[in-house]
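Chain by chain, the residues:
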Amino acid sequence: MNHDFEPQIIAFCCKYCAYAAADLAGSMRLNYPSNIKIIQVPCTGRVDIIHLLRAIEDGADGVYVAGCMEGDCHFVCGNIKTRKKVEYVKKTLSELGIEPERVEMFNLSSAMGPRFAEIANQMGERIRNLGPSPLNIKQAA
Amino acid sequence: MNDIKSGSNLEKVLKSGNFAFTGECGPPKGANVDHLKENLAFLKGNVDAVNITDNQTAVVRMSSWAASAIAVQEGVEPNFQMVCRDRNRLAMMSDVLGAYAMGIRNMLCLSGDHQIFGNHPEAKNVYDIDSMQLINLVKTMRDEEQFLNGEPIDGSPKMFIGAASNPFADPFEFRVYRLAKKINAGADFIQTQCIYNMDKFRQFMKMAVDMGLCEKCYILAGVTPLKSVGMAQYMAKQVPGMDVPPELIERLRGAGKGKFAEEGIKIAIEQIEEFKQMEGVAGVHLMAIEWEHKVAEIAQRAGMLPRPDIS
Amino acid sequence: MSTKGTNNKVGSVMVVGAGVAGIQASLDMANAGYYVHLVDSSSSVGGLMAQLDKTFPTNDCAMCVISPFLVEVGRHLNINIIPNSELESLEGEAGAFTAKLKNNPRYIDSVKCTACGQCRQVCPVTAVNEFDCRLDLRKATFIKFPQAVPLSYTIDKNVCIGCGMCEKACLAGAISYSDQARFSEIKVGAVVLAMGNELFDPSLFDTYAYSRHPNVVTSLEFERILSASGPYKGHLMRPYDREVPQKIAWLQCIGSRDINHADHSYCSSVCCMYSIKQSMIAKEHAETPLDAAIFYMDMRTHGKEFERYRERAEKGSGVRFIRSRVHTVEPLDDGGLKLKYIPESGEVLEEVFDMVVLAAGFATSKDTKALAQRLGINLNAHSYAQTSDLTPVSTSREGVFVCGTFQSPKDIPQSVMEASAAAAGATQNLSEQRWSLTLTKELPAEKNFSEEEPKIGVFVCNCGINIGGVADVPAVREYAKTLPNVIHAEDNLFTCSQDTQENIKKIILEKGINRVVVASCSPRTHEPLFQETIREIGLNPYLFEMANIRDQNTWVHMKTPQRATDKAKDLVRMAVAKAALLESLPQVTLDVTQAVLVVGGGVAGLEAALGVARQGFVAFLVERSNELGGMALGLNATWQGEPVLPYVMQLIEDAKKNERIKIFLETEVGHVTGTIGNFTTTLKSANNPLDTKVINHGAAILATGGKEYKPHEYFYGKNPKILTHFDLDAAVRNNDKALKDSKIAVFIQCVGSRTEERAYCSRVCCIHSIKSALILKKLNPEMQIFIIYRDIRTYGLREDLYKEARQQGIRFIRYNKDNPPVIDSDNGQELKLTVKDHILQRPIEMNPDLVVLAAAILPNENKTLFEHFKVPANSDGFLVEAHAKLRPVDFASEGLFLAGIAHYPKSIDESIAQAKAAVSRAMRIVSKNTIAVDSVIASVNPDRCAACLTCVRTCPYNVPRVGEEGYAIIEPSDCHGCGCCVSECPGKAITLKHFTDDQINAKTDALFYIEASC
Amino acid sequence: MIVADRKPLSEILDMITDRDKILIMGCKGCVTVCNVGGVKEVQILSSSLKIARKKEGRSLTVDQITIERQCDPEYIEQVKATINDYDAVISMACGVGPQFLSEAYPQQKFFPAVNTKFFGGATSHGIWEERCAGCGTCVIHYFDGLCPVARCSKSLMNGPCGGSSKGYCEISKEVPCIWDMIVKKKMEQGRLDDLLCFTPAKNWRTSRDGGPRKSVREELAI
Amino acid sequence: MNDSYKPKILAFLCNWCSYAGADLAGVSRIQYPPFIRVVRVMCSGRVDPLFIVNALKEGFDGVLVSGCHIGDCHYLEGNKYTVKRMEILAQLLDLSGIGRKRVHLRWASAAEAKPFADNVIEVSNIIKEAGPFNAKDHEMALNALTRALSTTRLRWLVGIDRHLTENENVYHEKTDPILFEKVKNDAITAEYQKALIQEALSKGPVTVREMADQTGIAIYTVSKRLNELELGGMADLKSCEGNTPRFASPV
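Chains as they are written, first to last, in our numbering: chain A, 1 to 141; chain B, 1 to 311; chain C, 1 to 1014; chain D, 1 to 222; chain E, 1 to 251.
In isolation and in its complexed conformation, chain A is listed as follows:
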């Protein structure tokens, strides 16, 4: 696990819970790695398999989706559908010989600022341990 490797991680956050929790983490001045880039969507239900694959294809080392707690989704059940899609992408990645742990789904409420930072740190750490995405290694070499 080389220390100079700076992973690029994309996070799809739902507007009502995860994005709000990210803002709260900011107003609480918590800390998480700067290579997490957040994209806001109205509901995680909007995140499609193609968005996750496209991110990996573009060169992301890690992608995660953060939605509301199960049962609390602003749109009733968007988060439950997306968890299934994330499982599908994990299966596809392992078929392609890429570590499925690079893609993940998390659930948290808009009041969980500390939890958002914890997730970001946890994913940053996990991707740093996994090293750069195989797609990037070939490019680099």
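The set of hints was computed from the structure by calculation and includes no laboratory data. Every residue, glycine too, gets a C-beta built ideally from N, C-alpha and C. Among these hints, one or two may not hold up.
In silico negatives: residues of chain C with every beta carbon more than 12 Å from chain E [as the list claims (entries may be wrong)]:
no. : residue
1   : Ser-41
2   : Phe-69
3   : Val-159
4   : Lys-455
5   : Glu-532
6   : Pro-646
Pairs of lysine-lysine residues, derived as DSS-like cross-links and limited to a Cα-Cα distance of at most 27 Å, are as follows [stated by the list, open to error]:
no. : chain 1 : residue 1 : chain 2 : residue 2
7   : B       : Lys-139   : D       : Lys-202
8   : C       : Lys-817   : C       : Lys-447
9   : E       : Lys-224   : C       : Lys-283
10  : A       : Lys-84    : D       : Lys-21
11  : B       : Lys-266   : B       : Lys-276
12  : C       : Lys-693   : C       : Lys-447
13  : C       : Lys-157   : E       : Lys-84
Got chain A sorted already, so can you dock chains B, C, D and E onto it with the hints?
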């Protein structure tokens, strides 16, 4: 019921009102017939007829009519089994004719286990006609002396037609109707699945008797002695349509290590005793595959010997 | 009602107190055409609810629920928030009041202040932080909570030493020490009082060692301990030594139902529920298993879903409920607290707890009493606003209305209902002044940029030092200039400040910019503000994208400024990539039929219809039976003794007289189609289904009411001496001799309620039984009266009835669910009742001449009706509201409202309040002639649609359906814009406007410097 | 409708090992409805293949097109201009697609990305089940709308066989025993005696066993 | 105290008065014990309390600060600030258990050679009386003092003290001295206790009770001060085994 169909030993035993006793023996997994002959030797004289299985559980073995022909040579009357899985109607008719020509007089028409249970799950199955239609086909060949398409047969096969019945499979309440259907289709004798749940079987036999099936057809109760607790549990869980009551397994376990086989035989013998008295049961079909050497002892201890010789 | 010259009426209303009730009333009135002055004595709106962590019974986080409302009231064009102010006097009469206000100084200009918090960091003076009760400190310059509205700091002059440090630290130049108290006068048409209550201060009791030991906390303090924004960031610790408590005790009725110490004889009606909630949430928070015990006299969980909530706490989370009043709390030296108490079984027990939470009740504050005095509002004995049950939100002074806990202790749903009711009451006589004072923004026509290629303007914000202090903003600005389609990039100190907004508009017009990207804080709080700004110069609001480089960048990467700068560049590049693909979305508006359909002719239906008519709109009142009045016809008097029948007769007469109310008796609702603002309903006459009538309306209020449960227990119907409540009321009405002569009368509570198949409390039977017992006592003072109960739930001020009943010698015997009282009447005449007395712990027998069963209240059977409106009913058959706390009279589907017993059993005053509330909620729609529909909605491209039904099956609101033409159709006004169908559609036929696939992919591509590939 | 499953990625990758410019063709018919061959699945497959190739450091250009159906020559015609510019074409339609394409464009190599399986319908969102085996002589009215030919593992006409237990077929607990359902339904409807009469052997001639079939609408075909 | 003990005393002498006074004492051959080591400063106002704490840390047993009499200060008001600073330092020394007797403030004008010498004698006797000051025993206290005295809060309050109480504050009124005194005292105790706790925290995750033992502050006070540190981002919850949470300074 009483006009002679095939004149086979089994038919005569049953027709004469004796308590029939049939065994079972699996053909070899190759062309070497020594082991087959050994088993037949064990059975000779101890049973009225021996079922020769046809690719049981879809595992490839020597074909049933070949093994049956060898049995005839060895002087043991075979019950030639045919399943609907492996042959279409042309092959079935030609095999029946061939078997008859080789001196085989009894046959059993079975659906057969699905090929995914066997050692060639990739195979294509046939199921051109089902067991009911096979019974009727052989009956038509024997009585109307015609092929399925109505053309005459030169030398019709006088087979004593048998079928299987599983009194414990679901839907239980329909099982006796299906038995009736088989009998109407032309079955002369029936061998049931091996029985462990005695009360359910009593209930089944009561229904069969009430429907008057026992006048039209001989019903043989299936018995398979349990060799070990493991076997009992395997039968209970894995074999579809098998109903092994837990108290039986407990009794087996109670017998203690090393004595399972003995206890299994004791149970089998008790069952046979009861079947002798049970109304509607015309005999017992002992399935002791790989235990052929024990058949003599079981027959002896169940008082089935000597076998009636009705020439 | 003085109708002296309607022209001098004023089309605005003043709301005093900006708690959840004040906010709800203001929003209702502002959205129905009245200008609202929202006055609050503290520095921010939000009131008590802002301090809560979670709310019962749904355990939602309070702040997540209320902050959208705070933002809405903060930004509303027609709501003028006046913080730090008190109402000095109120002259004039209903329709034309003159209110004198005292505006206390804040010393910080709330327009300039961006709440960056620098002044707080440098301020040398600390003081007790009232928001977190006494658990932590704040500085002299403070903000009540991070989501405060107005979002600005204030200086607390009594502790400030005037050292001037904050002025030095403030980059926005927002500090103005010269701020003075000012007086202002405002003309208003009506006033709504919603000052709320304060919590009782238990330092009065020395037996609970509250003032002597930090581990004895009030319930509000415990709420702050649980809260993620509280002193311990949501970790459950006890104040003394920050240990995680393993045993916590809740003591109920502290400062309520208490006449020797606190002289508050009433019940505060919410403490039982919030203690249960706190015990469950504490168990969730605790790292190690937590033993929670609640010491109570009567467990009062009388609200909707409350009984099940209590079951879940007891059975699911293992909370211990101990029926006993704790005598003393003795602090031990290791921080533990020894409790001495006597449970029902009688022996004296001692138990050591790590923490004790005192469930403090409500009390009217001194300033509220003084204000009521100044305004001439009569207060009752408990110093709550005196109101009649039949006009529950009107005070003793004409034109002044009341809602929330200042009227009497109540929970949030009840307060919100009363707030909407007060809104309806206040605006009822001002309807001719509707829209007279409200402001509307004059907007120029939108420019069409569809032909032009994108010309993007990027505005990078420093936000004082929040961004500029960490990231290199000029570098980001220069970088933005290099991005494709960017024709202008600049940075400024505060992009959201008024002056910067002005010059942004100037530059956009000068340079012909047609897409705007602002890199600053969170779109959640500031997107509407910037969208409005660019709309003011003809740019469609959706030609706008934000990059959050503060909350999600500089604030969380303070220690790595270089990386924060690089990330800011990445985020700007991504935003610009999406901006290039943005299209302008038309503002879809539908016209509104200004009429309301009211289903159900009971008191709730009548009040709703009259409310709508008095607001000036047509109301169709549909009643299934052939007479109006509903259940109320069988009720003699309200809990305060006001006769009900004359009131109901008057209601019916007014309804018949009012020409705006069209009454349809013996009529059922047939087919319902259409959406908010445009419903079309066919009405079928009950006895001749062919006779139908089609009506158009903009909103509908379901007030289908309920009925009394006819018990099959206790030999009801087999013996004339056994009655239900309505039978008793009837007997009293025609003063049946048998009542006077009976020597022993017995009331049995919870008949049919709180059982397996009906696990809810019917809320009003305890009150009705006790009130009837008092009437019987008056009829024949020698009569021995027993009330056999499980929990006496005389909530709120109704506790006086219970006090008086005990004083009159009525005896109360408690039974529990497993061994209820047994009645056997062997020969049909002589009744024998045996019940185990809870004190003697032995069964006692009696031969009552009269047995009254407190039968449950059931909802009326309306399965088909509910299906027509596609509205859900819960397992007990009561209608399910959109949100238990903040939308208690709305349905989830827009434009439909509910009121009365159909929502949940309630007393007549609560039904009246809910009916008026439903009217106020309906006014939000019906008072306008057009209604705007959200533009971020899904739309189907017909030729790509394979009619595979995926969208029909996926949509949580089952909006899409496949039409006759063979492709999916999504009704714009129904779509909520979540996008679930978009991501599941196998043919990619559906796109979600403003969040299309290309726009999302453009962001990921941009992050990795990939040009817009296919 | 025709129901199919997409082939595993490894298999598809093997098909295009030494080909660097491919076209993926979706079909808006049945495969879109069963979520294996529509526009979305074409995008997903394209992205997956590009990821795999990028991982090996070799480029892959993928074009995408989805036509109305791949079982009508006129629609196949639409790709005539560019079809031969690719090293390979992956068809995500049912088995009919690749064949129609191969017939129309002999020199191009067509690969199926999808395994066509059965005729069936959606019993719930995302789950399709076989209902018809296309035997050419429909007999479901004898069995109260429950077809044993398609839904019994042994196509028994006089079921159930001895292996039926607790309502499930002997081969697996996921496969309900159709005969169990037929028997129970007949009992409920009081039509049990329909089952007592003997069903003669079925004429398989009209099924696939009778050779590849063709259906002609006399009134249309000239 | 045995006579052999020679205390080491640091003396800050303001250039215009005390230093000149000391020279005069020399010229006049007035004798005083040789324990002081002189550092010349332009004005007693230049002496930062941190210098004094540092001196104690480095091994001095006592410190003498000597400047001009009030009103004579060459820089008009420098010594007035010194008075305020010495007050706050004295309070902190008492709080830390070191005791204010280690530090002395005296005035001596350029002409007062004798008074200067007397001061030195008096201070030497007091320090001798107090005995040697072993910095090692007070390491935590000294570090805490350094921390407290470098907070903007205390330094700002000391500086602004006179301006608010004597001239006017931002509200153009004189700040009520009692209020200011209370604010200052609160600030002194608070900052000192927070500094002590930060010392404990910097040595790795500790529980509240451990902090209380190490710093001698009452448990509940530690809990409250810890909260102030958390809000200021200078401490956070590290772990929580069983039910005792451990806190540490952020990484």
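message: Hints numbered earlier in the text: which of these fail when held up against the supplied structure?
response: As far as the earlier hints go, 3, 8, 10, 12 are violated by this structure, in ascending order.
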